[in-house]
Amino acid sequence: MSNQYWMKFANNILLKRISSSSLIKGSSLYVLTNIINSAIPFFLIPVLTRFLTPADYGMISMFLVVIAFLTPFLGLNVHGAIAKKYYSDERDQLPVYIGNCFMVLLVCVTVFSTLLYASGNLFFELTTIPTKFISTIIFLCFSQFISLIPLTLWQVKKKPVYYGIFQISNTVLNFGITVLLVVVWHKNWQGRIDAQLVTSIVFMTVSLIVLIINKEIKLEFRREYFIHIVKYGLPLIPHTVGGILISMIDRLFLTKLVGINATG
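Per numbering that gives the first Met the number 0, residue 0 is the first one in the sequence shown, and the count goes up by one each step.
It should be emphasised that the hints constitute simulated quantities derived from the structure, not laboratory data.
A hint or two may mislead.
To be verified - The calculated label-pair distances, taken between Cβ atoms and stated as ranges, are:
{"id": "1", "residue 1": "Pro45", "residue 2": "Val229", "range": "24 to 32 Å"}
{"id": "2", "residue 1": "Leu218", "residue 2": "Leu28", "range": "40 to 48 Å"}
{"id": "3", "residue 1": "Val240", "residue 2": "Leu121", "range": "16 to 24 Å"}
{"id": "4", "residue 1": "Trp184", "residue 2": "Lys156", "range": "21 to 29 Å"}
{"id": "5", "residue 1": "Pro45", "residue 2": "Pro129", "range": "27 to 35 Å"}
{"id": "6", "residue 1": "Pro94", "residue 2": "Pro45", "range": "38 to 46 Å"}
{"id": "7", "residue 1": "Arg221", "residue 2": "Lys131", "range": "45 to 53 Å"}
{"id": "8", "residue 1": "Val240", "residue 2": "Asn260", "range": "23 to 31 Å"}
Positions of the beta carbon are idealized from the N, C-alpha and C atoms, including for glycine.
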């Protein structure tokens with residue numbers, strides 16, 4: 000066999016090793032990020048159990064249930080649609096597509112905000128959450144999807160370091176503000192919700208700045224993109240909501256039948 004053949008064979012082996020090494024390194028960073036993100040809230044539990052009552056925990060739990068239930072309707076899994084679009088033949092049009100994702104989010108937020116405010120007393124009876132917090136819940140759902148957009152782009156572009164820094168910084172800030180509001184200022188369950196709200200505002204702003212600086216968003220309405228995003232997200236809602244109901248419906252029943260203390 001010629002030297003050219005052996006050189007080509009060696010190059011292929013080298014490329015495979017480099018690719019495998021990059022994959023292992025990237026996967027390790029994602030795993031490490033998830034471990035740290037899970038560990039920080041875990042260490043927060045002893046703090047919260049000391050300074051919050053069962054009723055406080057119950058209110059926080061109901062907030063999480065409502066947010067988890069509404070998120071599929073408000074977001075339509077736009078981050079999944081973005082990831083799919085990235086691997087299409089129209090990658091150069093991705094900023095326009097992301098701009099249309101924002102438009103879909105705004106339409107969903109407008110529709111469901113109207114429905115929730117119209118439900119009024121029914122919302123309170125089902126969740127025991129005061130109706131004045133509806134706007135907070137809507138914003139938390141909305142900001143969550145804005146923050147998911149740069150995370151999705153970093154994933155598809157294989158930039159785990161940026162992904163990890165963003166995620167861990169988010170969790171650390173949330174942890175710090177929670178401790179300040181609940182432990183130092185004794186804000187009970189509202190302190191935990193306010194910490195999530197402040198953190199969401201900060202990282203939604205950071206996400207928008209990142210998207211604008213990197214020119215990854217362009218607000219130009221495209222009917223075909225808007226329809227594609229909606230068609231992608233709508234069929235996923237029953238599956239997502241079903242999973243949420245299976246894992247969290249017990250909290251709703253406990254609150255309704257026994258009381259918020261039992262839920263906590």
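Verification of the supplied hints:
1. Pro45 to Val229: 24 to 32 Å: Check failed, 44 Å falls outside 24 to 32 Å.
2. Leu218 to Leu28: 40 to 48 Å: 32 Å, violated
3. Val240 to Leu121: 16 to 24 Å: 18 Å, holds
4. Trp184 to Lys156: 21 to 29 Å: The hinted range 21 to 29 Å is violated for Trp184 and Lys156, with Cβ atoms some 40 Å apart.
5. Pro45 to Pro129: 27 to 35 Å: 28 Å, holds
6. Pro94 to Pro45: 38 to 46 Å: 45 Å, holds
7. Arg221 to Lys131: 45 to 53 Å: 37 Å, violated
8. Val240 to Asn260: 23 to 31 Å: At roughly 27 Å between Cβ atoms, Asn260 and Val240 fall inside 23 to 31 Å, so the hint holds.
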